[in-house]
Amino acid sequence: MGRKAAFNEGIIQKKGPGRKAKKQKDPVFPNALKDTGVKTLSRRQKLRAKKRLKKQLERGASQKLKEDKITSEKRKVKNDLDSNLGNHTKTNSVQKQNGFSDENKSWLKPKKRKASIESKKKLAVKEINDSDGEERNLEKSNSESSDSEDNADDGHVQVGSLNDLSDDSECDNDEFDGSQEENEESGSDKSESEDDDEEDGNESDEDLLPIERKNKKLKKELAEDKKLAAEELALNIASQEKFQFPSNEEDKIISLQEVQQRMREVITVLADFSKLRDKEHSRREYLDILKQDLCTYYSYNEFLMEKFMQLFPLSELVEFLEASEVQRPLTIRTNSLKTRRRDLAQALINRGVNLDPVGKWSKVGLVIYSSQVPIGATPEYLAGHYIIQGASSLLPVMALAPQENERILDMSAAPGGKASHIAAVMKNTGVLFANDINRDRIKAVVGNFHRLGVVNSVITCMDGRKYPQTLKDFDRVLLDAPCTGTGVASKDPSVKTSKDEQDIQRCYNLQRQLLLAAIDCVNAKSTTGGYIVYSTCSILPEENEWVIDYALKKRNVKLVSTELDFGTEGFVNYRQHRFHPTMKLSRRFYPHTHNMDGFFVAKLKKWSNTIPQLNDDLDEIEADDIDSPEGEEEEEVADPSPPKKKKLKINKSISKKQGGESDNKKQKEKILKING
Amino acid sequence: MKRLSEERTKILFEKLTKYIGPNVKLLIERPDGLYCFREQKDRVYYVSEKIANLANTIPPDLLISVGTCFGKFTKTNKFRLHVTALSYLAPYAHAKIWLKHAAEQQFLYGNHVSKSGLGRISENTEKYQGVIVFNMSDVPLGFGVAAKSTVECKNADPLSSVCFHQADIGEYIRSEEDLL
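Chains as they are written, first to last, in the UniProt record's numbering: chain B, 1 to 676; chain C, 1 to 180.
Same shape as in the complex, but just chain B:
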């Protein structure tokens, strides 16, 4: 049962400029707007610049004088550390004279200096008013010697010395403060210096146009933004380094971006779990968080996400989910009954279609990249020269490898893509039975068959499970079973949320019944065939390997190679399941590795028409999906199969009783090698 392809009609991509569009030259900026580093000034500007320079020089000279004075004063202060009050007043007076200007701002820190000056002043005042008792008390508390206090009045020197002490410390402090200030300044330098720059710029760019000024401003802002972004990035990296496990209380709604961020973090933690983990949380908890994030980010329901997490390693999982979001490329199959691929490609290229062969593995597939006409309504399409069909749908028919003059059955054929492919491979010889249970969808089969010129077909509409009662002795049967469609989430996103355990159970029960019916339809004695191909567009092992495994136990069939040289091997071990070791002959296809829809193909060969009779109780157990190893053994022993296979299986059962599971597996493979 295939799915209807999403026809990307209506999306017409324009190619190149229109017929009438003249090719324009690249825009040329006027010279005035060009941003060359050095600018030639006009005569007046030059004059003005000269004047400005003169003024600056004059100003600079006067400033220099002042500066010299100040520096000398400073030196004095520093050198005559044990000098007296007068000096202080002098320096004070000098400092008072100083104004704050652009020239001295690099070393002059107006406010703080003021404060220090004030403190000095205060000290001086204190010294002058030293006779106060309170002051004395204060100084007592400062643990000064009582003697020096008593001699306060007469001993300028002593006081001076005291002052000097304090002065010393103050000076030290000053210096220290200065350095500190500088440090602080350098810390907050950026903003200030930027402001300064701006001012400078404004001064020098007075003659610039407003737009130029704006441009400069913008550039500056951009640079700032960049810097901030870089900082933020650094912050992010820092946050990435250590992932904080979210506490349960914060069940806030967070943005999709945060979810994505967290997903990435959790995956990195899980990749190197022992090193990066938070000791208080188990792997399970991490996985739960990841699952929930994946569910919200890709909008799956939890059940399906859990299935996928069991199926893929984490790194692959994200790739798969990502690939399931985007549409697969549109592919068509050439109808070899009516035309050849080369001719069709030429005809379509003439209609403005951009296409390529789908790959070396197919001689009939074409990939459509873009098209100016709706690809599902060209005269070539209507004349039956091609059919729109996913690349993955070519695989089951290639695996089936129909031969001419055979009797072939497609059990769930709608909309007839694969069935018409079979007819094309058979070159309209033999008989092709196309069946589907859905009366509405069977109309699509009728339409496609007549359009494509398939004349050897019988189209029926019945329950596939009852087909063996109606007709048997087919050489080959293709069963493209109805499935949950988890491999084609890009085509039908409703799959993501609508499936649960029960749906899958329903699906694989139906698939098992259909597969058994398909096997029953085949004649094992056919000279050319006796093959069954089972395919689904789901990637869950429940619907694939498990169904095949069930059929292997129930009927006299064996897995054979699909002859497809790509695709990944089917699972032999999946969680608690141990499937038949030949299961690796089946093929799986994934959207992220093979760029086609998720798909499963297995080819079975029927080697005996007898249906093995099994114990009914075991049947029921099997139906209840309990894979008990004991049941298997008994069943196998009871199995009246040919001697070679039986021996193998008995060996297996013995080894199962003896050793552990891993040993058992190895032994199985060994036996296989010996036998095969």
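Because the hints were derived from the structure by calculation, they are not lab data. Hints are supplied without guarantee of correctness; some may be wrong.
[Said to hold, decoys possible] Straight line, CA to CA, 27 angstroms or less: simulated DSS-like cross-link-like pairs of lysine-lysine:
hint, chain 1, residue 1, chain 2, residue 2
1, C, 50, B, 427
2, B, 466, C, 41
3, C, 2, B, 338
4, C, 2, C, 75
5, C, 96, B, 338
6, C, 100, B, 338
7, B, 525, B, 427
8, C, 25, B, 427
9, B, 472, C, 2
10, C, 75, B, 338
11, B, 525, C, 50
12, C, 18, B, 338
13, C, 41, B, 472
14, B, 472, C, 50
15, C, 2, B, 466
16, C, 25, B, 338
17, C, 50, B, 466
Given the coordinates of chain B, assemble chain C onto it according to the supplied hints.
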């Protein structure tokens, strides 16, 4: 699935002769085995005898289609050809007309063919003869009835129709539901 009655066989062959003339017998006498016309629910299917026998094993209400559907008998017992018969009519056709590229799309939407859209016409086409319509690259597009003979076409008004539309391959999209 049953054989066509004597009367209905006659009606069917008369109809087919309008389009492919004496080539009708080529449909019956084929080098690659026996082919026959079978009728089910008033629809006529053209199919190899081998396949017809196999299809007989399927219960009639579950059988949808066998081989190629040629058309159906109306309630008034007239035969109407379906577009699905085109693949057998086109190679044996007696009278053909070819459409210009511009008129191609118009015909595929179910319109008659006007003189302006006519690219070529086979000689000595009679009036009201069945004709097969092709595009200029010889892809069969459908069939109809000539509204004018070849001679009349030569000096006809550009807007007058030269071929009445009966069936075209656009129906595969337009009316997939009731193809049969």
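Cross-check of the supplied hints:
no. : hint            : verdict
1   : 50/C <-> 427/B  : holds (16 angstroms)
2   : 466/B <-> 41/C  : holds (24 angstroms)
3   : 2/C <-> 338/B   : violated (30 angstroms)
4   : 2/C <-> 75/C    : holds (18 angstroms)
5   : 96/C <-> 338/B  : holds (20 angstroms)
6   : 100/C <-> 338/B : holds (22 angstroms)
7   : 525/B <-> 427/B : holds (24 angstroms)
8   : 25/C <-> 427/B  : holds (24 angstroms)
9   : 472/B <-> 2/C   : holds (23 angstroms)
10  : 75/C <-> 338/B  : violated (35 angstroms)
11  : 525/B <-> 50/C  : holds (21 angstroms)
12  : 18/C <-> 338/B  : holds (26 angstroms)
13  : 41/C <-> 472/B  : holds (26 angstroms)
14  : 472/B <-> 50/C  : holds (16 angstroms)
15  : 2/C <-> 466/B   : holds (24 angstroms)
16  : 25/C <-> 338/B  : holds (24 angstroms)
17  : 50/C <-> 466/B  : holds (23 angstroms)
Comparing the model with each numbered hint stated earlier shows that hints 3 and 10 do not hold.
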